[in-house]
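Those sequence lines, one after another, are chains L, F, E and X. Quick note, the first sequence lines up with residues 85 to 223 if you use the working numbering. Quick note, the second sequence lines up with residues 85 to 223 if you use the working numbering. Quick note, the third sequence lines up with residues 85 to 223 if you use the working numbering. Quick note, the fourth sequence lines up with residues 85 to 223 if you use the working numbering.
Check each hint, because a few of them may be wrong.
Put simply, identical chains are the same to the list, so a pair is met inside one copy or across any two.
[As the list claims (entries may be wrong)] Below, in silico cross-link-like pairs of lysine-lysine (DSS-like), each with a Cα-Cα straight-line distance of 27 Å or less:
hint: 1; residue 1: Lys214; residue 2: Lys204
hint: 2; residue 1: Lys130; residue 2: Lys161
hint: 3; residue 1: Lys214; residue 2: Lys185
hint: 4; residue 1: Lys172; residue 2: Lys191
hint: 5; residue 1: Lys130; residue 2: Lys185
hint: 6; residue 1: Lys183; residue 2: Lys202
hint: 7; residue 1: Lys204; residue 2: Lys165
hint: 8; residue 1: Lys147; residue 2: Lys191
hint: 9; residue 1: Lys172; residue 2: Lys147
hint: 10; residue 1: Lys147; residue 2: Lys161
hint: 11; residue 1: Lys185; residue 2: Lys172
hint: 12; residue 1: Lys183; residue 2: Lys147
hint: 13; residue 1: Lys204; residue 2: Lys183
hint: 14; residue 1: Lys161; residue 2: Lys185
hint: 15; residue 1: Lys185; residue 2: Lys202
hint: 16; residue 1: Lys204; residue 2: Lys185
hint: 17; residue 1: Lys165; residue 2: Lys191
hint: 18; residue 1: Lys172; residue 2: Lys204
hint: 19; residue 1: Lys130; residue 2: Lys214
hint: 20; residue 1: Lys214; residue 2: Lys172
hint: 21; residue 1: Lys183; residue 2: Lys130
Because the hints were derived from the structure by calculation, they are not lab data. Since the model is a prediction, treat every value here as computed from it, not as a measurement.
4 protein chains.
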Amino acid sequence: MFETSTQIRVRYAETDQMNVVYYGNYAQYFEVARAESIRELGITYKDMEAMGIIMPVVEMHCKFLRSAQYDDLLTVKTWLKELPAGHKIEFHHEVYNEKNKLLTSGKVILYFIHAQTKEKTQMPLVLQEKLQPFFNHSS
Amino acid sequence: MFETSTQIRVRYAETDQMNVVYYGNYAQYFEVARAESIRELGITYKDMEAMGIIMPVVEMHCKFLRSAQYDDLLTVKTWLKELPAGHKIEFHHEVYNEKNKLLTSGKVILYFIHAQTKEKTQMPLVLQEKLQPFFNHSS
Amino acid sequence: MFETSTQIRVRYAETDQMNVVYYGNYAQYFEVARAESIRELGITYKDMEAMGIIMPVVEMHCKFLRSAQYDDLLTVKTWLKELPAGHKIEFHHEVYNEKNKLLTSGKVILYFIHAQTKEKTQMPLVLQEKLQPFFNHSS
Amino acid sequence: MFETSTQIRVRYAETDQMNVVYYGNYAQYFEVARAESIRELGITYKDMEAMGIIMPVVEMHCKFLRSAQYDDLLTVKTWLKELPAGHKIEFHHEVYNEKNKLLTSGKVILYFIHAQTKEKTQMPLVLQEKLQPFFNHSS
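The shape of chain L in the complex, shown without the other chains:
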């Protein structure tokens, strides 16, 4: 398993008149957490685009259990359960507040796509090599 943890401070803009973070903003929190997760491997999503690979989101699932509030310092846990095979990668997320209460859980599925041809492609080798060690099981 590959797991990382990212902190995000809730912006005023992200609240709505229910005094909580608008549900649509978790997609951004997941995006930030994914980007930081890849960065910890020593590569960035920006590098991937420079290599001609884009990663559109094809599926998102969220459960909103408790609300996040203005100025909360959230912790977003992000993990891959398995090494991606083929053109698909599946990120799992959990958002916690400072009291370590689980607020939101989510799953986001993305494809690896050639920017030019828009065809599905494999995960770039450089990313695969970075991820491999996290999924090596002794016999």
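Following the hints, complete the assembly by docking chains F, E and X onto the known chain L.
Okay, now just chains F, E and X, sitting in the frame of chain L:
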């Protein structure tokens, strides 16, 4: 079944550097479509809040099949498969472009909550009475 | 003078915990109003990009006098005081609520830029021809 | 003078199809920078709201000189030229990229308002005491 259809023009702000609508913005499109859906019944979500009922989203599921682009005039179909019973309401959505291609499908589950006590409550009677006729089955 | 008027319904996502539209969202309202303003001339901003012209914003000024609220049906008045000369166009905006109260006034300056070279350029002839009649003065 | 510096990483959601940060998103960057600026004084904007003071923005002015791009680590400089007197506070901002190029400059004026009465009020004493030392001039 209760079904409505709402048109939304894609804003420049809603695109990202992949030249498509950012995946997180569909939550807003679904929100607009829900609000217009209720408005067609002769009541507004704003009225509901004035009555002391808030409706936080507790679950969202989306599949992104094709991308929406700047200035597209999207059609968001919104429907309730069944008359809500209890504190829960489940909206189904499909987003189509002008060529009638299905771009995104989604499901959003919300709770009816007392604004003051934050306790779960039933769907307000006024909404129930408006919705009932759409779910009357002969025999 | 060339003047148009565009209606925008306030989304829940656009409110913040002050129960009003977040100040940063007026930039989007101005964008929508500009796009509709150009559309009324029979050309779209999308067409302009297809012609290889992009229009980045270089200046924005806003005064927030009264607040907009959820579900308000806003009217955004948009006008050009003068026919753009050179690479610059200056849009004026006023946002009114349904009681015809002025909420926000703003000015947005954009440049005409070649998408490829990123060099400043003139307003496209097609747009100039559409706008000219609004600025013809007798004697 | 009171001056602080805040770093913000550009999110994918904040870009548009011009491959740069959408102009409307700088209002959020300024908000984050203001919040962090106050936090460095040992008080938060959240505390202020808890004390019954809200701070709506009444004016914003921005100049966009160069564009910010995805994943840029921006530095937002924030300063008060003078100790606020009366109900008004004026923040100045400059946004720099990692090459120390000035991208955007802005000014945001806010009022101190009683949350309950919506009347203008003075800057809270606690904030005044924190700020005073930065504006003490030796004769």
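Hint by hint, here is what the structure shows:
no., hint, result
1, Lys214 x Lys204, "within (21 Å within a copy, 44 Å between copies)"
2, Lys130 x Lys161, "both (21 Å within a copy, 25 Å between copies)"
3, Lys214 x Lys185, "neither (31 Å within a copy, 33 Å between copies)"
4, Lys172 x Lys191, "both (13 Å within a copy, 22 Å between copies)"
5, Lys130 x Lys185, "between (32 Å within a copy, 20 Å between copies)"
6, Lys183 x Lys202, "between (43 Å within a copy, 20 Å between copies)"
7, Lys204 x Lys165, "within (21 Å within a copy, 34 Å between copies)"
8, Lys147 x Lys191, "both (9 Å within a copy, 12 Å between copies)"
9, Lys172 x Lys147, "both (22 Å within a copy, 14 Å between copies)"
10, Lys147 x Lys161, "both (15 Å within a copy, 23 Å between copies)"
11, Lys185 x Lys172, "between (30 Å within a copy, 23 Å between copies)"
12, Lys183 x Lys147, "within (19 Å within a copy, 32 Å between copies)"
13, Lys204 x Lys183, "between (41 Å within a copy, 24 Å between copies)"
14, Lys161 x Lys185, "within (12 Å within a copy, 34 Å between copies)"
15, Lys185 x Lys202, "between (40 Å within a copy, 18 Å between copies)"
16, Lys204 x Lys185, "between (38 Å within a copy, 20 Å between copies)"
17, Lys165 x Lys191, "both (11 Å within a copy, 25 Å between copies)"
18, Lys172 x Lys204, "within (9 Å within a copy, 38 Å between copies)"
19, Lys130 x Lys214, "within (16 Å within a copy, 41 Å between copies)"
20, Lys214 x Lys172, "within (17 Å within a copy, 44 Å between copies)"
21, Lys183 x Lys130, "between (33 Å within a copy, 17 Å between copies)"
When each numbered hint is compared with the structure, a violation occurs for hint 3 only.
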